[in-house]
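First to last, the sequence lines map onto chains A and B. Under numbering that gives the first Met the number 0, think of the first position of the first sequence as 0, with each following residue one higher. Under numbering that gives the first Met the number 0, think of the first position of the second sequence as 0, with each following residue one higher.
One should not assume that every hint holds.
[Stated by the list, open to error] With a Cα cut of at most 25 Å, we get these calculated SDA-like pairs of lysine to any residue: (1) A:K36 <-> B:Q13; (2) A:K36 <-> B:A131; (3) A:K63 <-> B:S61; (4) A:K36 <-> B:L73; (5) A:K33 <-> B:S61; (6) B:K118 <-> B:V28; (7) A:K36 <-> B:K118; (8) A:K33 <-> B:V28; (9) A:K36 <-> B:L78.
No wet-lab data here; the hints were simulated from the structure.
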Amino acid sequence: MNISSLILIILIVGAFLWYIFSIVYHFVRFGIGKEPKIIVLVFFIGSFLLLATTIIFFTQIDWKAISEFLLNPFQLK
Amino acid sequence: MSIFTSSKNSFEGQLPDEKTILVVRKHPVVIYSSIFIILLLMIIPIVVYFLIRSNDWYSIFSSLYWFLATLIFLILWILVFYQIMIYALTTMVITNKRVIINNQIGFFTHESVETELDKIQDISTTVTGAGATFLNLGDIEIQTASAKAKLYFNQVPNPQEIRKIILSLKEKQNN
């Protein structure tokens, strides 16, 4: 993985983390009553699991095989 | 209709001897319709999977497919909770001293207007259409003697009941 794609990944993950933080912040600070706090807990756990799964799937992508196939799509065995 | 019960809900900016009587949010149908549309979008990756899985090239692209599918689920998950956040934080708080209307417009953008109970001059409610009548949802307009003459809160459940509660609190305060 080259440095430019690493920076791109960090920026995308950073954007997701920013959105997650903003939602959690709003629920915790401005939410009235118990329900918003319970909702934000569900959101936080779900976001963490989905983000981790997305990163794991990203690391498993075989870019070499995909690029080889795209360069010569009729050579598939 | 659990929102129509007295609660001990606290909120930012609450005065020391102020008690929350009622927290009103928009009718649940407002949030259900937004979530339903997002849930429909969640079906797309599943449909795509059944369309491409039998192709020869699927084995090459499977890891990319699963990455994109989870990415879509993550985006939709955030969107669902963004909608819930807007819904949960757009409230009308009725206390024993005042009525506060919080309107969450987006991240870090919100509007808050309030009036003291003794400054309320009139409250009117509007229920428009067959759907609104069936679901008992409508709009509330509070006419006040303050600088901000009118306060609005739209798509609330049981607007007549809320009107009665505010008027009875105002009467109680006047006596």
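Checklist entry - If you draw a straight line from the CA of K36 of chain A to the CA of Q13 of chain B, is it 25 Å or shorter? => result holds (19 Å)
Checklist entry - Given the hint that K33 of chain A pairs with V28 of chain B, does the C-alpha gap stay at or below 25 Å? => result holds (21 Å)
Checklist entry - Can the restraint linking K36 of chain A and A131 of chain B be considered satisfied, given a maximum Cα separation of 25 Å? => result violated (30 Å)
Checklist entry - Are K118 of chain B and V28 of chain B close enough, with their CA atoms no more than 25 Å apart? => result violated (32 Å)
Checklist entry - Within a Cα-Cα threshold of 25 Å, do K36 of chain A and L78 of chain B meet the stated pairing? => result OK: K36 of chain A and L78 of chain B at ~18 Å, within 25 Å.
Next on the checklist: Does S61 of chain B sit within 25 Å of K33 of chain A, going by the straight-line distance between their CA atoms?
Outcome noted: Violated - the C-alpha atoms of S61 of chain B and K33 of chain A are around 42 Å apart, more than 25 Å.
Item to check | Pairwise hint evaluation, S61 of chain B against K63 of chain A, where the allowed Cα distance is 25 Å at most | outcome: Roughly 14 Å between the alpha carbons, so the hint for K63 of chain A and S61 of chain B holds.
Checklist entry - Can the restraint linking K36 of chain A and L73 of chain B be considered satisfied, given a maximum Cα separation of 25 Å? => result Satisfied, since the Cα-Cα distance of roughly 20 Å is no more than 25 Å.
Item to check | Restraint status (C-alpha distance of K36 of chain A to K118 of chain B at most 25 Å) | outcome: Violated, at about 33 Å.
Taken one by one, the earlier hints fail for this structure at numbers 2, 5, 6, 7, listed in ascending order.
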